[in-house]
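Position in the sequence shown counted from 1, then plus 353, gives you this note's numbering.
Calculated from the structure, these hints are not laboratory results. We put the CB at the ideal spot given by N, CA and C, even for glycine. Errors might be hidden in some of the hints.
[To be verified] Straight line, CA to CA, 30 Å or less: simulated DSSO-like cross-link-like pairs of lysine-lysine: (1) Lys456 - Lys471; (2) Lys412 - Lys458; (3) Lys475 - Lys453; (4) Lys356 - Lys471; (5) Lys402 - Lys456; (6) Lys435 - Lys456; (7) Lys471 - Lys412.
[Unchecked claim] Here are the in silico distance ranges between beta carbons for each label pair: (8) Gly378 - Val414: 28 to 36 Å; (9) Ile371 - Ala446: 39 to 47 Å; (10) Lys418 - Arg375: 33 to 41 Å; (11) Ala446 - Lys402: 19 to 27 Å; (12) Lys412 - Gly380: 37 to 45 Å; (13) Glu361 - Lys412: 33 to 41 Å.
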Amino acid sequence: MEKERYNELGGIVLDASITVHRELGPGLLESAYDIALARELGIRGLNVKRQVVVEFIYKDVDLGKIYVMDMLVEDEIILEIKSVDAYQPIFDAQLITYLKLAKKKLGYVINFNVPLLKEGFKRIVYRF
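Modelling step: build the complete structure from the supplied sequences, incorporating the hints.
Structure representation (structure tokens):
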């Protein structure tokens, strides 16, 4: 996938996230934002998978399906949905782990529990 397509999809994800945040506001459970964002992205014509299981392979041995990504958009972009009071660095590490295990290059951590969504929207690029 070309960088331009990643940027285009990222713009759609941001716009859809802002729409969901405007409609629902902060303070709900992560699951509410997850469902609403998946619906909003679907309305915009994107393929969305929720609660995607990621295999954990260590030294060529499958150790099981122990990780679950919140959302996978267009089979390329991972979204990690949060609704927390304070952003923690572990959220970045979690998304990087998903990117690495799923062999993806781009993801976003989206915290909906903020006054303005731009304060809760973080882009993570992995080995691009």
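*Among the hints numbered above, which are violated by the structure, and what are their numbers in rising order?*
7, 8, 9
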